Structures are given as C-alpha cells and as structure tokens.
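Below, each chain spelled out in residue letters.
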Amino acid sequence: MRTITFAEAIRESMIQMMRENEDIYLIGEDIGIYGGVFGVTNGMLELFGPERIRNTPISEAAITGCAVGSAMTGMRPILELQFSDFMLIALDQIVNQAAKMRYMFGGKGSVPMVIRTPNGSGLGFAAQHSQSLETWLAHIPGLKVVQPSTPYDAKGLLKAAVEDNNPVVFFEHKLLYGTKGEVPEELYTIPLGKADIKREGSDVTIIATSIMVLRALEAAKELEKEGISVEVVDPRTLVPLDEETLIRSAMKTRRVIVVYEAVKRAGFGAEIASMLGESEAFDYLDAPIMRLGGEAVPIPYNHRLEKAAVPQVQDIIRGVRRILNRA
Amino acid sequence: MSHFSNILRKDRDRALYLYHQMVLIREFEQKVEQLFMQGKIHGTMHLCVGQEATAVGACSVLRDEDKITTTHRGHGQCIAKGADINRMMAEILGKATGLCKGKGGSMHLADLDKGNLGANGIVAGGLPIATGAALTSKMKKLGYVVVSFFGDGATNQGSFHESLNLAAIWDLPVVFFCENNQYAMSAPVYEMIKVPDIAERASAYGIPGVVVDGSDLLEVMRVTSEAVERARRGEGPTLIEAKTYRFKGHSRSDARKYRTREEEREWMEKRDPIKKYRSWLAGEGLASEQELDQYDADARKDVEAAAEFAENSPEPSLDLLTEDVYA
Numbered sequence: 001m002r003t004i005t006f007a008e009a010i011r012e013s014m015i016q017m018m019r020e021n022e023d024i025y026l027i028g029e030d031i032g033i034y035g036g037v038f039g040v041t042n043g044m045l046e047l048f049g050p051e052r053i054r055n056t057p058i059s060e061a062a063i064t065g066c067a068v069g070s071a072m073t074g075m076r077p078i079l080e081l082q083f084s085d086f087m088l089i090a091l092d093q094i095v096n097q098a099a100k101m102r103y104m105f106g107g108k109g110s111v112p113m114v115i116r117t118p119n120g121s122g123l124g125f126a127a128q129h130s131q132s133l134e135t136w137l138a139h140i141p142g143l144k145v146v147q148p149s150t151p152y153d154a155k156g157l158l159k160a161a162v163e164d165n166n167p168v169v170f171f172e173h174k175l176l177y178g179t180k181g182e183v184p185e186e187l188y189t190i191p192l193g194k195a196d197i198k199r200e201g202s203d204v205t206i207i208a209t210s211i212m213v214l215r216a217l218e219a220a221k222e223l224e225k226e227g228i229s230v231e232v233v234d235p236r237t238l239v240p241l242d243e244e245t246l247i248r249s250a251m252k253t254r255r256v257i258v259v260y261e262a263v264k265r266a267g268f269g270a271e272i273a274s275m276l277g278e279s280e281a282f283d284y285l286d287a288p289i290m291r292l293g294g295e296a297v298p299i300p301y302n303h304r305l306e307k308a309a310v311p312q313v314q315d316i317i318r319g320v321r322r323i324l325n326r327a
Numbered sequence: 328m329s330h331f332s333n334i335l336r337k338d339r340d341r342a343l344y345l346y347h348q349m350v351l352i353r354e355f356e357q358k359v360e361q362l363f364m365q366g367k368i369h370g371t372m373h374l375c376v377g378q379e380a381t382a383v384g385a386c387s388v389l390r391d392e393d394k395i396t397t398t399h400r401g402h403g404q405c406i407a408k409g410a411d412i413n414r415m416m417a418e419i420l421g422k423a424t425g426l427c428k429g430k431g432g433s434m435h436l437a438d439l440d441k442g443n444l445g446a447n448g449i450v451a452g453g454l455p456i457a458t459g460a461a462l463t464s465k466m467k468k469l470g471y472v473v474v475s476f477f478g479d480g481a482t483n484q485g486s487f488h489e490s491l492n493l494a495a496i497w498d499l500p501v502v503f504f505c506e507n508n509q510y511a512m513s514a515p516v517y518e519m520i521k522v523p524d525i526a527e528r529a530s531a532y533g534i535p536g537v538v539v540d541g542s543d544l545l546e547v548m549r550v551t552s553e554a555v556e557r558a559r560r561g562e563g564p565t566l567i568e569a570k571t572y573r574f575k576g577h578s579r580s581d582a583r584k585y586r587t588r589e590e591e592r593e594w595m596e597k598r599d600p601i602k603k604y605r606s607w608l609a610g611e612g613l614a615s616e617q618e619l620d621q622y623d624a625d626a627r628k629d630v631e632a633a634a635e636f637a638e639n640s641p642e643p644s645l646d647l648l649t650e651d652v653y654a
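Order-wise, the sequence lines are chains U and R. According to the working numbering, the stretch in the first sequence is residues 1 to 327, in order. According to the working numbering, the stretch in the second sequence is residues 328 to 654, in order.
The following block holds chain R by itself, in its conformation from the complex (with noise of 0.2 Å):
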C-alpha cells in the first residue's frame, strides 16, 4: 500500500482536497463540453475527463515554486497547479479577463505566477522547455523541479528523445510525466509504438522509467513524489508513463471510430479515477457519501460561476492586437 494511503488517513483536509481538485477538473471539463455545444467557444478543446489523478496526483506533491509544462490537453494540470478557474474559463472564452488576455486560448494556458510554464499546441513542445527551465534550477541553485506532461503521442517525437537525453547527461531536475492515455489522437499506442510500455524508452537514456496505473491517485502520488526527490537531491530525470484513458474524444470534431464504445465503457467502470478514489475515502471512512455529494455539489456551483464570470467578462479590447509581440 502507498506510504499515501497511511498520509492521508491521518490528513483528512488534504484527502478532501485532493478529491475536489478531481471533481472540480471533472465539473470543469463538462462545462467547457456544454458552453462548446452552445455555441459560446470560439475555436478547439481538448478534454482531459478521465485523466483528473495525473494531474492531481502529479501536481500535489509539488511545491509552489515547482514548475510544470503541458500540452493542448492541460485544463486539468493547470487547476491543480493553482490557477483561478474563472480566469481559466474567461481565457477559454477568450474574454479580457482571461489568464492571457484572450490571446491563448485552451491550447495555450499558461500561469507563470503559479509555474504553470504553458500548455503548448506543438506535440512535445513543452518537453525541451521543461528541461531548459530546470537548467535555470540547476544554474541558479533554486531547488525547484519542473514536470513536464506530455501524452502517448509526444514519446515519437525527436524533442522528447531529444530532452530525455539531454536532462539524463546533466543530472536535471525534471521529472517527464507521460500520460499515456492510449490514443494519439485517432492513432492507437499498439500501432505506433513498439515497445509494450512507453517507461521502457528510459533506459535508451540512462533514467529510470516508472509504470504506473493513472487512475489510481494514490499512485500516482507516489510514483511522482519519488521522481521529484529525486530530481530534487540532483540525481536527475525520471520517466513515468501513467496508462490512463480520455473518456471524451480527441477534440470537437471526433466521432471516436477508432476505438470501440465497450472499450469507453470498460474503461469509464472500472478505472474511473474519481469513482476509484472516491469509494477509497469512503471505504477509510473519511468522508461519508453525503458529504462527497456535497463537494461535487461545490465544485459544479463554483465551475457554473467561473462560466458566469467567463460569459459576463468583456471582450478583449482591439488595441490588444498589436501589443505584447515583444518585451
């Protein structure tokens, strides 16, 4: 059993925390689902439903000096990194108040002051980004660790070959979190990729590579918690590869042909990350069902106040256009 388990039965604020981030990612994502279905966003998303115990679970055991980089699919990573879900949503909406202005948009969250370094709209685009902000940590002997997320389909690409090496050769303090959530896109990880589990791509570089379940949050707690230590004491990079599963489709536009719909269901029963850790709580009797109701009660009342904040936010002023091109 995870030295977790035995932290949060004595911490039961933090065991309840850690279950509103998940359900408010959850309640979050929905939302943006029906605003989009509306007609109120402008553009693309990429829900991460189903994935809420990688970004929790990674995200809680960091400090708040501890960095991270996501990927266009990063909404859940940023809540659980500290970001103010009404600006979040106003960004989403594209409106003024948004964490950029409205200029970013979901692809491009990014909340420096909480080192969320940004979601990036380029596969892998954060993982050289990563290794370059925990160089600072390094240069400047700051303690901070950076993780960087990044998903099945990042682990074919030369920058993620490229980082693991470089952060391997000088001993980094990155800790690079695949979140292996079967499908890049509409490409399935047992046609693109050879090796059975992505961790194995590690040892090409001289690091460990962890597996573990990404549903199960207090796994990934531990997993997370021992590669940032050790990025930490100077030992360098880890690669952990989370198996989890997106329970939405790719973005706006996907019909999901490539999987099947028993599949969606095997999955969305029995490794529900919010289901999963939920029946946890209630098993160690930390919480009882009302009071669990009652945060998913709270975090769909405040997701509806950060669309209200969102929806009655302004629209970014047409003199925006043409500044911050440069500093």
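Chain U with its partners taken away, still in its complex shape (with noise of 0.2 Å):
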C-alpha cells in the first residue's frame, strides 16, 4: 500500500467527501491560498473555490458560531481553528450553543460540524499554542472527542466525524502532521467510539492518545528487549470512549498506565483510570492504575524545559518498569 502523511491522509479524506457531498465546505483562519498553518489543505482552494474553502476574519467566536448556524440549517461545515489554544475564544459557541442545542430543543435540531485544531507542544511554540485541551471539550455532554494517532486513522475517523450528526473536536497533534503511514486511496469510515490495539502484549497495558501512542509504542520496542510485553491501545475516541476494549485489554494484563500529553491533573487519563477502577477489571490488577501525564505548567518554550513538560519514550520505559517492580 502507498504511504501517505497525517496532513495529507487528512486532506484526502475532506477533498473525496468534499467531492461526493455539496453540503460539506471548509471555514477558518489562512486556510484558503495560504493553505492553512501546518498546509492541511494546500491546494484546496483551486479545487473548490473561495466559496466552500472559505478563508475568515481573526474572529474565531464569529466564525465557529457562523459554522454552528450553518449546520443547524443543512450544511456541514469543517471549521479548523487554528491552534486548539484558539478555542478558547471560541468556547461559548461550541460550549453553550453547538453542544447543548439539541437537548435545549427536546430533541428538535441538530449540529453536524467538525471542529479541526492542531493541539499539542513539540515544535517551540510555547504556552498559547501548545496546550491539550482536549478534556475540557470531553467534559462536555453533546461533543464527541476525536484524537486520531496514525494517518489512517485520521483518515477515516475523519469521515465518520463528518457524518456525525453532533458536533466532533478533531484534535490533530502538530508533531503528527509529518508523520507516514499506509493509507488506502479509497475513502473509508472508521467509526468513533472504537478503540484499536496498536499492538499485543501480555505484561502491561499503556492506554495512550494522540502522539503518546507513538511513544508507547517506542518504548514497547525497547522494553521488548528486556523480554517485557507491552500491549498498546489507543482509545482514538475520548467521547464515546470504548471502555470494552480497554476493560479487556486490562484484565488481561493486569497492568495499566494510562498516558496523554495533557496535563495529568484532572486529564482525561483520569477519567479511563477511574473507569477501569469502576470495572470488571478492578479485581484482576495486580498493581494501582499509573498515569503518565504532562506537568502541571505552562508549555515553555525553551526546547529541552519543552520536552520536560510532557511524558517522553524514557518516561513511559521507566514507568512500565515501575509498575512491573524491576526498577
């Protein structure tokens, strides 16, 4: 199979959608002859045109309330805010409109919008456009939470997304976007709610999102040496989260760490963490539940300070071999 980028695995996605559905059109900030920020959707523009890739103000609240609207009425807009820090600007319109209207309504209504932004620290950016927002927008009943690790993944998660009759966060890590994978040239529908186990093992479980996945996945390799096991799944989606797998994948390890880039007080690890606990799985662990979080700073800037902000390869080595006892 050929192999593709995250950026452009996503790209993809929205153009063949884009060709098979007239209601589907891009809103956001440069992303017309710039091509967006991270060049998600270069060349977008001369395909369809300033009508359907339609380049914004800086207005973020007005632009996501403009996508809000304009789904409510028989379109299906893909918003990319440009930094997830951006959101927070935008945070009424997707909080207290997009994700609550339906239920205000009883039931009359609904918000087929995807929310796309680039979350996440790795590239220097520091404090206000590197945060991990994503359990903010995960405490939120009406959204649904998408954080794709892989370029199929993000493909297709990205279809169903667009399909969802509900508003969808679509969380891109910035460290990703450069990343390879197979990707199949046809469009295909992952659904949300689905987790994946990125790969089998039998001694510990890491639980991990976005770019963490490929740092678990890293570290099961080195630990692989040492004759560990290390099983990885990726949740993909936070809301719906797929507890079933995640519960199995527990009992039959009976080792967990869960770890995210975001901040590990209150992060969603918190929330799969207390799930398990809640579980079946609860009686079959032989060691407490571990979270690997980011510190609870501000991203700086200053690379090595950066890197130090949030769990790395050595990190996750040093805690499976924490959980095991062979430290």
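Hints were generated in silico from the structure; no laboratory data involved. Fair warning: this is a prediction, and the values are worked out from it, not measured in the lab. There's no promise every hint is true.
Just the calculated beta-carbon pair ranges, DEER-fashion [said to hold, decoys possible]:
| # | chain 1 | residue 1 | chain 2 | residue 2 | range |
| --- | --- | --- | --- | --- | --- |
| 1 | U | Met275 | R | Glu556 | 53 to 61 Å |
| 2 | R | Glu562 | U | Pro57 | 53 to 61 Å |
| 3 | U | Pro57 | R | Asp440 | 52 to 60 Å |
| 4 | R | Arg586 | U | Gln16 | 54 to 62 Å |
| 5 | R | Glu638 | U | Leu88 | 38 to 46 Å |
| 6 | R | Leu469 | U | Met275 | 41 to 49 Å |
The beta-carbon is built from N, C-alpha and C at its ideal position, and this holds for glycine as well.
Both chains come to you apart, so use the hints to assemble them.
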C-alpha cells in the first residue's frame, strides 16, 4: 500500500468527501491560498474555490458560531481552528451553543459540524500555542472528541466525524502532521467509539492518546529487548469511549499505565483510570493504575524544558519498569 | 408617512391581525408574570412588555421560510414568528407538551418548524448563529433571510462586532435587529456606549445602520422590510436600532433601582406601542373601540386557554433526562 503523511491523509479525506457531498465546506483562518498554518488545506482552494474553502477574518467566536448556524440549517461545515488554544475564544459557541442546542430544544435540530484543530507541544510555540485541551471538551455533554494517532486513523475517523450529526472536535497533534503511514486511496470510515490495539502484549497495557501512542510503541519496542511484553491501546475517540476494549486489555495484562500529553491533573487519563477502577477489571489488577501526564505548568519555550513538560519515551519505559517492580 | 400605512389602510384584516399579535404578546407576558407570582413557574422570566412593536413589526414582513434568532427576552418574537402559544406556555411551565419538552424553558424557546432558531441565554450568542444560517441560505441559494434580534447590551460583546464584520464581507442575507430598550440589565446605554446611536456602529463594518422608533409599528415594518429586501437581493446585512423600553424589570428579582418611576411613566404614557397603534387604527377608521376591545378580550381568552393547557399538561417523564443529548 502507498504511504502518505498524516496531513495528507486528512486533506485527502476532506477532498474525497467534498466531491461526494456538496453540503460540506471548509471555514477557517488562512485555509485558502496559504493552505492552513500546517499546510493541511494546501491546494484545496484551487480545487473547490472560495465559496467552499472559506477564508475568514480572525474572529474565532463568529466563525465558530457561523459554522454552528450553518450546520443547524443544512450544511456540514469543517471548521479549522488554527491552534486549539484559540478555541478558548470560541468556547461559548462550542459549549453553550453547539453542544447544548439539541437538548435545549427538546430533541429538535442537530449541529453536524467538525472542528479540526492542531493540539499539543513539541514545536517551540510556547504556552499559548501548545496546549492539550481535549479534556475540557470531553467534559461537555453533547460534544464528541476524537484524537487520531496515525494517518490511517485520521482519514477514516474524519469521515465518521463529518458524517456524524453532532458537533465533533477533532484534535490533530502538530508532531503527527509529518508522520507517515499506509493509507488506502479510497474513502473509508472508522466508527467513533472504537479503540484500536496498536500492539498486542501480555505484561502491561499502555493506554495512550494522540502522539503518546507513537511514544508508547517506541517504548514497547525497547522493552521487548528486555523481555517485557507491552500492549498498546489507542482509544482514538475520548467521547464516545470504547470502555469495553480498554477493560478487556486491563483484565488480560493486569497492569495499566495511561499516558497522555495534557496536564496530568484532571486530564482525560484520570477518567480512564477511574473508569477501569470502577469496572470488573479492578479485581484483576496486580498494581495500581498509573498515570503519566504533562507537568502542571504552561508549556515552556526552551526546547529542553518543553520536552520535560510532557511524557517522553524514556518516561514511559521507566513507568513500565516501575509498574512491573523492575526499576 | 410609511408606505405600510397605505398598505394597511387597504388591508384591514392584516392591520387587525397585527393588533391581535401585539395584544396577544402583552397578554401572554402578563399571564407569565401572574403565573410566576403564583409560584407556578420554576426559574426565571424576562418579559418584553413594551417591546411588542419590534417583535411584531419585524416578523410581520418576513416570509414563512425566513428565520430568526432571539434572546432571553424572546417570547414576543416567538409568538410573532407563529409559535403555538399553548406549547410556548407549556414550555415556560416546564411541561412535556412544551415546544422543547420542558427541557429548555423560557430562555431557550425554539421553534425550528417556524424558522425560530432559538432564544439564547448568552448575550449576543445568537448573532454568529444567525450569520451561519444566512450563509446556508446563500450557499444553497435558498432565498431566505435571517433576522437576528438582540439587545443594546449585546452590542458590547465581541460576537456582535465579529458577526457584523463577517456578514458584511460575505454580503450575507441577515438583518441585525437591535432592540435598544435602554438598559442592559441595570446598565444604562448612556453609561456603557459612547456613541449616541448604536446604529452608528454599522459604519465600522461598511453596512447601513438605521435608527427607528421601536414603539411605532409601521416604522418598524418599513425599516425592517427595506433591510430584508436588501438582504434578499444579495446586498448584505443592515443594522437596525429600534429605540424601545421594557416596561417591566429585567427579570424576577429586579427592584428597578437604576431608573426612575417618572422615566417609566413617560415611556408608558407616550410610547406604548399598543396604545399608539390602536389609536392609529381607530383614527383611520379601520376598527371601532368596541371592536378593538373585543380583540383584547379574545387575546386574554386565548392566553387563559394556553395557561390552562400548560397547567393541565404532564411533567416530562424522568426517562427524558438522558435523551436528546446526541442526535
């Protein structure tokens, strides 16, 4: 199979969907001639024109609300929020409007929109361009939250997100854009709410999200040399969460580490750990569930500090040894 | 003289229907207040007594397929856009037969079938949504226009400015209708806005801004109809500022310390929209005082029936609690 990047997979998914469905359009800042700040929409203006590739002023609240209003009335907008940090300016429209509308209106109306947004640290953008805010959104009833980790997943999950009749927030880690993987040329769907076992193992389960899936896989490869068998599970979507797959893996390996880039305190990994603790997996566990998450600091600029702020491969390796009492 | 005076002189049914709608709104609001005082309404309410001509005047020049967004003070527009007052009253009483099954209440009244995209608990929350609904009309060439109602307070929100700019640059078919009722909760316009007329703010976005006497039904019809036709022709948005007054307090707990009783009397005596229109009708010989009294009595009867319907309606079942979160 051919190999393409994460960014290319997302672009291809959008192009193919837009060819099939006239209701889909893109809206966002610098998504036209510039091609998006990370180049994801490169060339799409030439393909679809300015009506469907809507370059906007820097007005996150209004463009988000505009996507909401158009979604309520028959369109399927894909909104690119340039950095997930900028979502904070648009939260009223996401949280108070899009998420609640159907419920407030007694089951009438729907808001089929996708917010694509670059998340996470690693590129030296410092504190206001590097956060991982997925937990904020996962907390809100009415929203769905997706965090793909591979080009294959990104293409298929984006299709499911666009076809979903609810507001879906689609977090794209900046460090993933250039990563490559096998991706079928044709359009396909990966349903929301289905975790993926990225690597099978028997000694310990690492539940990792987004870029941490890649780091967990690297750690697993290292640990294999020591004879430690690591299972890596990627929930892929936080809401809905595939609890069953996570529970099954925990029951199989009896040891669980949850790894996420967001601040460890009250991050989504805490939710996963609690969910497992309340499940039938609890009786099977041979060790307390461990969380590896970001330090409770704004993401610093200096690259050594930046790296130290979030879990790295070595942190995961150390965590595995610790949970196996081999450290 | 407004061309609507000529039209209505020749169309007595329509002229009287407008009167009917205005008194229906006032009777409705007075009944809501009464039910509230009797402890039958849980929560709060924001009454639009005194602002009937803006709701009726603006909605009366719309087509069925045109859409509106409203505010926390949105009962009037909801009625004027054609809602069933039985189901409205039931919603305000939180009943299962309500427009939103009792899940939205007064602040989230929506009637999508009639083109009412919803009231809003967030000041200026509806403007971006209206802008998006107008984008749908333009992209799908549906020909409808959206009127977004909001108060003077909303014009100090970022969403107001962002939405006007966005709608202006894209020539969207939306009319921004500001009901300047002189107070944003307790904050008087003259303390919170430096320009004498809110309509002036339109010039910052390169669109027309119009001031109208909000107590004059025919004038409201004239300016709204011009703005709506302009929008329908694809010439973009207009900002209308209707100077009006809420005869009641902001909400249930308002002691009205921020304004004088003299000021209230002045508006109620000189600028009561119903009194003004009534005297125009009588002066034009379109209806006798007795006929108009009969309209008042009929409206009261309809509202009593709505209250009875609402009070006799069942509470929503607890099963509804978790329904309608997702589409």
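Here is how each hint holds up against the structure:
no.: 1; hint: Met275(U) with Glu556(R): 53 to 61 Å; result: 56 Å, holds
no.: 2; hint: Glu562(R) with Pro57(U): 53 to 61 Å; result: 20 Å, violated
no.: 3; hint: Pro57(U) with Asp440(R): 52 to 60 Å; result: 33 Å, violated
no.: 4; hint: Arg586(R) with Gln16(U): 54 to 62 Å; result: 60 Å, holds
no.: 5; hint: Glu638(R) with Leu88(U): 38 to 46 Å; result: 44 Å, holds
no.: 6; hint: Leu469(R) with Met275(U): 41 to 49 Å; result: 45 Å, holds
Hints 2 and 3 from the list above are not met by this structure, while the remaining hints are.
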